[in-house]
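Construct all of the structure, not just a fragment, from the sequences and the given hints.
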Amino acid sequence: MTSATDNKVKKVQKVKKVKPIKKKGRLANEFKQNWLLYLMILPGLLYFLIFKYAPMGGLVIAFQNYFPFLGIKGSQWVGLEHFRRFFSSGDFAMLMRNTLVLFGLNLVFAFPASIILAIALNEVRNTRFKKSVQTIVYLPHFISWVIVVSIFYVLLTTEGGAINNVIASRGGNKIPFLTDPKWFRPLYIIQEIWKGAGWGSIVYLASLTNVDQQLYEAADLDGASRMQMIWHVTLPSIRPTIITMLILKIGDVLELGFEHVYVMLNSLNRGVAEIFDTFVYTAGITNGQLSFSTAVGFFKSIVGLILVILANRLAKRVGEDGVY
Amino acid sequence: MENVDATKVRRKKKEKPQAELTYVQKIKLTPMGYVFQFINGLFLTLFALACLIPFLNVIGTSFATTKEVLLRDFIIIPHSFSLSAYRYVFSTPTVTRAIGVSVFVTVVGTALSLLVTSLMAYGLSRTYLYGRRVLNFLVLFTMLFSGGMIPSFLIVSNLKLTNTLWALIIPSTVSAYNMIIMRNFFQGISPSLEEAAKIDGANHLQIFGRVMLPLSKASFATIGLFYAVTYWNTYRSAILYLTDTKKWPIQVLLRQIVLMSSGSDFDTGSVEVVPPSQSVRMAVIVVATLPILLVYPFIQRYFIHGAMLGSVKG
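Listed in order, the protein sequences are those of chains A and B. Reading the first sequence from the start, the letters are residues 9 to 332 in our numbering. Reading the second sequence from the start, the letters are residues 2 to 315 in our numbering.
For the record, the hints were derived by calculation from the structure and aren't laboratory data. Check each hint, because a few of them may be wrong.
Cβ-Cβ distance ranges computed for the label pairs, FRET-style [said to hold, decoys possible]:
1. A:35 to B:164: 40 to 46 Å
2. B:105 to A:137: 52 to 58 Å
3. B:207 to A:254: 29 to 35 Å
4. B:105 to A:112: 52 to 58 Å
5. A:80 to B:101: 34 to 40 Å
6. B:215 to A:139: 28 to 34 Å
7. B:164 to A:78: 19 to 25 Å
8. A:313 to B:67: 51 to 57 Å
9. B:246 to A:313: 34 to 40 Å
10. B:39 to A:99: 47 to 53 Å
11. A:134 to B:200: 48 to 54 Å
Every residue, glycine too, gets a C-beta built ideally from N, C-alpha and C.
This is the structure we're talking about:
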């Protein structure tokens, strides 16, 4: 009798004891089985920790008067001083205006350019012609901004540039495309389209291949014209892709491309060309105001993060898939 | 007649038969349809020409003599052929050295990036791996938020990488985007292959090397080419981390030569005093673009595939 109850008690204890051991054992077992996988991940993980997460930690210097020789521990804390200084300076208004204008131009001209190109390519009947055009318009994507801007420079310079040569030999006045601040924004957007429109169209072309062909057939039977088909069949079919790309674009409001603007920047067009990233580079790297420029960069990153999250929410609310 | 030709070509190239025409391509054209097709074709032709002509102009002018450059407004095919611009460009070691730097960074960087990225991507593609979700989020988050330029600069300089060529490679070893593309690719490979190899006693590294690698050549080529192009075009890292002009890659030197036209910047060794002429600028542009133009036909096969993989959500 007693031995039986004892056994029962023992059993209960055993069951109770087994659980935590089992969990620990499972983890250990997991690691024993997959340690090689963890080892394979390790170099990449270290990369992200050191070069992506450590800099996020480094953002604390935005609240300090950081000096490299004092280190983060030794530098004086100043709270929001740098942010206050930045927001009250005239630079803030200029950067915000330039950024928003360039973003707006991008959204109005560069963004639809890819879509229009994709739709136009989709309408082509001759496959060989289509392939040739695709080959050519994708090429500029692989060229660096330095080269793109350089090519435009040699074409547009007033000292022997082809375009101004032609203008001059027609009896016109040479146009200072490169030094006149008025020309910065048009040039910026033309270069964005020149480099990016072709590549950007790939995503739309890919989603166009999935359009149900019966929709066109039905539209055709109803006597729709080509333009009507584009408007009522093609565009609605790629709407989810357009919205996804739009979210990505909005998340990038402040990421206008450091390289592109930096390479175009000169002392004459600074008033219309300077954006957050180029400002951070000049203030931080060239002038050595490390904490102040970190504060400017921090502001930019935070706004960027908020915009992506908002855009994603918005997309979900209108019934589309978000990006993440 | 046309059919015969088509089959010949097909047999020659051993191509798959062409994809069926879409309905849009098959619709019978009305008179308005012809007009539409014509305008559409014209639009695309003009766009393609706008992409191509600047290249042709730069290449053409770089081979023309100085005299012709002064006389003609717009050169695509030079009447006179001259290599003097190139001779001039290579007359000082500056450009050659910069190309050497760029080649080193491209070759070593691409190899390192492919290795680290593919290993990480494979590890994270195993759905049974404990902690996988957290790790994946860790990678995804870096695409949404970053510490920014100055904190990254401080890390790189604390690691004593500044003014070494490694500063152009190590801080950009893994692109989160490329990693996610590769991870999704590995995830798409049937798990039965892995199970079969496990039964045969292979460990994870052996499965990766002997089973997965042979299956993912196209994926490696795509990502490898993406990395190679990025490394060849390196500019931002160079102006952030390098102050020694002798370690400049070609892109930085190109900007100096073309855009900062005051000639004294050309060579710190001061061989150059006169601002570079138009054809010299063109020649440097050609030199900096040439590797891309050379690999482009080969990239083509892969990049559409790659770009489309990218549209798959992470």
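Do the hints match the structure? See the list:
Checked against the hint of 40 to 46 Å, the C-beta distance between residue 35 (chain A) and residue 164 (chain B) comes to roughly 45 Å, which is consistent with it. In this structure the hint that residue 105 (chain B) and residue 137 (chain A) lie 52 to 58 Å apart at CB is violated, the actual value being about 41 Å. Distance hint for residue 207 (chain B) and residue 254 (chain A): a CB-CB separation of about 45 Å, inconsistent with the stated range 29 to 35 Å. Take residue 105 (chain B) and residue 112 (chain A): their Cβ atoms lie about 41 Å apart, and the range 52 to 58 Å is violated.
One distance hint, 34 to 40 Å for the beta-carbon pair residue 80 (chain A) and residue 101 (chain B), holds here, with the actual separation near 38 Å. Our hint of 28 to 34 Å for residue 215 (chain B) and residue 139 (chain A) holds, since their Cβ atoms are close to 29 Å apart. Between residue 164 (chain B) and residue 78 (chain A), the C-beta spacing of about 23 Å keeps the proposed range 19 to 25 Å intact. In this structure the hint that residue 313 (chain A) and residue 67 (chain B) lie 51 to 57 Å apart at CB holds, the actual value being about 53 Å.
Range check, residue 246 (chain B) to residue 313 (chain A): Cβ separation about 37 Å, and the 34 to 40 Å hint holds. Between residue 39 (chain B) and residue 99 (chain A) the beta carbons are some 51 Å apart, a value that agrees with the proposed interval 47 to 53 Å. Remark: the range hint 48 to 54 Å for residue 134 (chain A) to residue 200 (chain B) is upheld by a beta-carbon distance near 52 Å.
In terms of the numbered hints stated before, the structure departs from hints 2, 3, 4, listed from lowest to highest.
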